[in-house]
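Number of protein chains: 2
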Amino acid sequence: MIPTKFDWKKLQSFCTDVFKAAGVPVKSAEIVAESLVEADLRGVDSHGVVRTSIYLKRMEEGMIQPDSNFFTHSETDTMALLDGNNNFGSVVGMEALNKALDKAKKSGIGVVGVKNSNHFGTGAYYANKAIDQGFILLVLSNASQTMPPTGGVRPFLGTNPLAIGVPTGTDVPFILDMATSVVARGKIIVASQKGESIPEGWAIDKDGNPTTDANAALEGSVLPLGGPKGYGISMFIDILAGVLTGAGFGKYVNNMYENWEDPQNVGHFFLAININNFMPIDYFKERMDLYITDLKNEPKAPGVEEIYIPGELELRRTIERKENGIELPEKVVQELSEIGQKYGIDFTQAAYTTNISTEVSK
Amino acid sequence: MIPTKFDWKKLQSFCTDVFKAAGVPVKSAEIVAESLVEADLRGVDSHGVVRTSIYLKRMEEGMIQPDSNFFTHSETDTMALLDGNNNFGSVVGMEALNKALDKAKKSGIGVVGVKNSNHFGTGAYYANKAIDQGFILLVLSNASQTMPPTGGVRPFLGTNPLAIGVPTGTDVPFILDMATSVVARGKIIVASQKGESIPEGWAIDKDGNPTTDANAALEGSVLPLGGPKGYGISMFIDILAGVLTGAGFGKYVNNMYENWEDPQNVGHFFLAININNFMPIDYFKERMDLYITDLKNEPKAPGVEEIYIPGELELRRTIERKENGIELPEKVVQELSEIGQKYGIDFTQAAYTTNISTEVSK
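Residue numbers (this note's numbering), protein chains in the order written: chain A, 1 to 362; chain B, 363 to 724.
By construction, these hints were calculated from the structure, which means they are not laboratory data.
These figures come from a predicted structure and were not determined experimentally.
Heads up, a few of these hints could be off.
[Stated by the list, open to error] 30 Å max Cα-Cα, derived DSBU-like pairs, lysine-lysine: (1) A/Lys296 to B/Lys613; (2) A/Lys194 to A/Lys5; (3) A/Lys300 to B/Lys419.
Take the sequences, apply the hints, and build the full model.
Structure below.
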């Protein structure tokens, strides 16, 4: 029987081994695998191991170059412009994050713009790492065309995500990680893969009509968050991550699934803030905790048991999935099994087994 | 007859004279007046000269201190933490902007956090000034409680605005200036003053019910933009502008209209980017112009004649109002007349007169 539930550590090892076997340097393979599995753990399945196959395919087609070197085009104590040289987006992203953190340690603020990168996974991945080191991180990325501008009918802007991570004094940091669309395009991809319909208001079809059909939506456009405001935010992210860095922007960011002639040329923008330059970090954390306590003590709307801060539900899901395994859709299991076979790595080894079932099977 | 239409330059002189007469230092009076009239010119009437009376009243009550000195608590080549010492928000804002630009000139990036400030007008005011000097500016401010968090029923967060200005190669820069609410609270104030109702979906009343009554909405809460995403963005702005700077945040930002015991303790966050550290500014402007041309060439939805970039309509309105005068509501005219009488400055002198009517009156 093919398993559908997987142990996160074993799944991560499997993905690491696959990328290594495909020719990705060890450190890079570890980053890409960690970034994918962390998305699954947080419940952002659209950015999880489901992307292993497209990443590998783009690598095989020469669109991602796993052993390319990065270049730094311009650099001061506080900023750098990094050329990702078509390496994996998350590998380039980690380089940018570390540069931004180094600069923030020195100058209080670190900004790194990135060009010639690829899809870099979730922004929360980098936000979590910055938080672990006690920094605030803002990370922006552009993406290929999926949303019309206000007044338009076809995809022009990406769902250009933004993520923000802020340390707190508790185990629950503030992590906002959102697409500038009403909903992440990845969620429509997942709905399509599962054969499910999507809620009204998420998207228009290719002729500009509202649709609840996930496939029609994928042929059409996801709508920006809140009309002109979301359109403006998405465009601003494209400007900082794309226009300013020398990466693609608007129609010059290539589609990961459709364009097999050119690298994606995705751009990113990382801003790291050293809290200690503003106030002692312990005092900052006290202020954050007071803020969150105030928030949680607010009266709740009917039917609401708790007010959550951004990232809180994702953290709970992470704890739950680390404990109880990650459920993967049949199609993804099938795909990963085939990839495993191709590289001689047994995917069933990554199956989740409870202590109880281990007992029983003994 | 009391005029209802005013010449922008004369209106600005009137406001400057009033603030000077009330004891505000000349340079500060000029900044505050310019900031208010510029909002009226752009069509953001809620942030225009309508605020003259509340600014004066807070000053008279000692909540705004027009001759206080700023302090810089912490400073590097790339960042500073500024204590506004309860001066006018726009005066403090201009100091922060200039500091951020100076640092960006030196280091590529300039960040200035601000505490102990007041309502600082529109973010677009600072964005325009940064653009004039060829810089990208991101400016955030927190505000007193008007929006519930997702799952809450009463105001907890401010409509915490964000503004972004980006230079282009044309006369039309990119200026996004938005509240993180579905709509700016100021627009509900204007509707209330005009005795108009508001559209559904803008706000809930104090018991959490949807309302179209502007007064009920002012007693209740404006809703965040796009649900949890807007809630998250608003909170993040509060964190950078408030928690990180030592300003108020959440319930500790005091209401300008209701709290007469304490200064507002508003916080701001300015991020200036020196484009030349990333690429020659002329090349950047070419890229922006290409982006905007691409956007404008997109197919339009039925009934749409043109796709606008953020700030474009506000610029057109500015040109139109500079040409044809600024129409003010009767209540505001009345208020400003009384203020003028108090300080011995004739408000009717600010009336708009066309060349034609000048001819006729000769």
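Here's how the hints hold up against the structure:
As the CA atoms of A/Lys296 and B/Lys613 are separated by approximately 13 Å, the hinted pair is consistent with the 30 Å bound. Restraint check for A/Lys194 and A/Lys5: the C-alpha separation of about 17 Å stays at or below 30 Å, so the hint holds. Our distance criterion of 30 Å between C-alpha atoms is broken by A/Lys300 and B/Lys419, whose separation comes to about 36 Å.
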